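Trainee: Here are the chains, one letter per residue:
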Amino acid sequence: MDPSEVEFLAEKETVKIIPNFSLDKIYLIGGDLGPFNPGLPVDVPVWLALNLKQRQKCRIVPPEWMDVEKLEDMRELERKEDTFTPVPSPYYMELTKLLLNHASDNIPKADEIRTLVKDIWDTRIAKLRLSADSFISQQEAHAKLDNLTLMEINTIRAFLLDSLNCMYKLRSNLQPGSSKGQFTDY
Amino acid sequence: MSDADALFDDGSDANQDDSQEDVMTPAELIAKLEEAWLNEKFSPELLENKSEVVECVMEQLTHMEANLQRVKKGDAKASVHRMEIDRIRFVLSSYLRSRLQKIEKFFPHVLEREKSRGEGDPSLLSPEEFAFAKEYYANTETYLKAVALKRMPPNLQTVDMLKAVPEPCLDSFVFLRVKERQENILVEPETDDQREYVVDLEEGSQHLMRYRTIAPLVSSGAVQLI
Chain P
1 MDPSEVEFLA EKETVKIIPN FSLDKIYLIG GDLGPFNPGL PVDVPVWLAL
51 NLKQRQKCRI VPPEWMDVEK LEDMRELERK EDTFTPVPSP YYMELTKLLL
101 NHASDNIPKA DEIRTLVKDI WDTRIAKLRL SADSFISQQE AHAKLDNLTL
151 MEINTIRAFL LDSLNCMYKL RSNLQPGSSK GQFTDY
Chain A
1 MSDADALFDD GSDANQDDSQ EDVMTPAELI AKLEEAWLNE KFSPELLENK
51 SEVVECVMEQ LTHMEANLQR VKKGDAKASV HRMEIDRIRF VLSSYLRSRL
101 QKIEKFFPHV LEREKSRGEG DPSLLSPEEF AFAKEYYANT ETYLKAVALK
151 RMPPNLQTVD MLKAVPEPCL DSFVFLRVKE RQENILVEPE TDDQREYVVD
201 LEEGSQHLMR YRTIAPLVSS GAVQLI
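Here the protein sequences line up with chains P and A, keeping their order.
No gaps in the numbering here: position 23 of the first sequence is 23 in full-length UniProt numbering, and each next residue is one more.
No gaps in the numbering here: position 203 of the second sequence is 203 in full-length UniProt numbering, and each next residue is one more.
Just so you know, these hints were derived from the structure itself, not from any lab.
It should be emphasised that the depicted structure is a prediction, and the values quoted were computed from it without experimental measurement.
Backbone N, C-alpha and C fix where the C-beta goes; we use that ideal spot for every residue, glycine too.
Each hint should be verified, as a subset may be incorrect.
To be verified - Which chain P residues face chain A? A few, computed with CB under 10 Å, are given here:
| no. | residue |
| --- | --- |
| 1 | Tyr27 |
| 2 | Gly31 |
| 3 | Leu77 |
| 4 | Arg79 |
| 5 | Trp121 |
| 6 | Thr123 |
| 7 | Ile125 |
| 8 | Gln138 |
| 9 | Lys144 |
| 10 | Ile153 |
Unchecked claim - Computed far set for chain P versus chain A, every beta-carbon distance over 12 Å:
| no. | residue |
| --- | --- |
| 11 | Ile18 |
| 12 | Asp43 |
| 13 | Pro45 |
| 14 | Lys70 |
| 15 | Glu72 |
| 16 | Asp105 |
| 17 | Pro108 |
| 18 | Asp122 |
| 19 | Lys127 |
| 20 | Ala132 |
| 21 | Arg171 |
Given these sequences and hints, build the entire structure.
Mentor: Laid out in structure tokens, this is it:
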């Protein structure tokens with residue numbers, strides 16, 4: 001899956017905005033939005049929030065977890081634990097990137113947040129590499145991946161799955177008379 | 001444009017795929033489409049077609065577009081509606097495209113499965129996809145004949161497509177999220193000195209395992225590939 005498609009899915013998450021215009025309720029196929037009144041916060045999907053922001057029609061309220069103190073706690077916990085800790089949003093990385101790139105003037109301490117989220121991401125990816133390594137070396141057939149986000153899975157997907165397929169093919173060809181690997185892919 | 005909600009009632013009778021979901025809200029319909037999109041993207045084999053969902057989504061889109069035609073230019077709401085339509089259309093075309101890619105990749109096996117399917121079983125392909133697969137088969141055959149086969153010795157002039165084209169590899173690993181709790185899923189051992197064992201799949205948990213083990217759960221909707 002292309003990372004931009006994961007970002008596409010992240011854009012469906014809702015975020016609070018404070019509009020500076022007024023508009024009646026909008027009846028979208030995916031649900032109703034609004035009504036919009038200047039100064040009154042309202043929940044909209046991220047794709048709309050970013051569009052309105054680019055046209056300078058609103059101010060984005062950062063999600064609660066996008067806060068230096070909370071993220072620092074998370075970073076500590078993530079470094080202390082061996083397993084993956086629960087993340088505040090299944091799209092924490094994508095949302096941070098989208099909101100910071102397009103609305104950094106609405107987010108206090110944007111640079112610190114960027115660094116913190118990057119630190120959390122790096123710690124988690126390092127753990128992910130380690131566990132993928134032990135998954136392969138122990139020749140496991142099942143792994144539980146709770147608390148991993150789609151973007152994290154996606155960074156390792158192509159490499160891990162292709163390697164597993166290759167190893168499977170090599171192994172099944174070792175057993176004489178097995179036709180399993182014969183007509184499989186590439 | 002406020003009749004966008006009401007419009008679904010006209011299309012819902014075409015949507016009784018499983019008898020349990022007679023009426024879906026448009027939002028649920030879009031969620032269904034997205035599920036189907038991700039499942040199709042990540043499963044190694046072609047899944048059952050979801051033509052009811054595709055048709056209903058198309059109907060929603062055309063209806064909304066027809067409504068937008070009547071709106072005067074520069075309307076703030078119209079631009080939001082257009083953006084939503086574009087997003088839905090992207091998912092829809094990506095879904096259909098990934099199905100076509102699989103049909104092109106596995107066409108003899110897809111046609112074979114379609115042939116051996118029993119009376120009354122749900123069809124793997126939509127009528128359009130079936131026509132596409134048949135045509136693709138015929139064209140490939142003609143092409144191979146014209147380019148190489150007819151210059152071969154007579155005993156080598158036929159080719160068995162089922163053997164010539166790779167089968168989908170059902171033993172690939174997939175990532176999945178559990179939507180309905182499942183018990184006693186058998187995990188086959190990787191090597192001979194390991195034992196098989198069973199796992200329970202808790203609702204909301206995520207796993208990495210072989211597609212073959214959980215293929216029925218994907219088509220029943222109990223797990224979502226991610």
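Trainee: Find the hints from earlier in the document that the structure breaks and name them by number, from lowest to highest.
Mentor: 3, 4, 5, 6, 7, 13, 20 and 21
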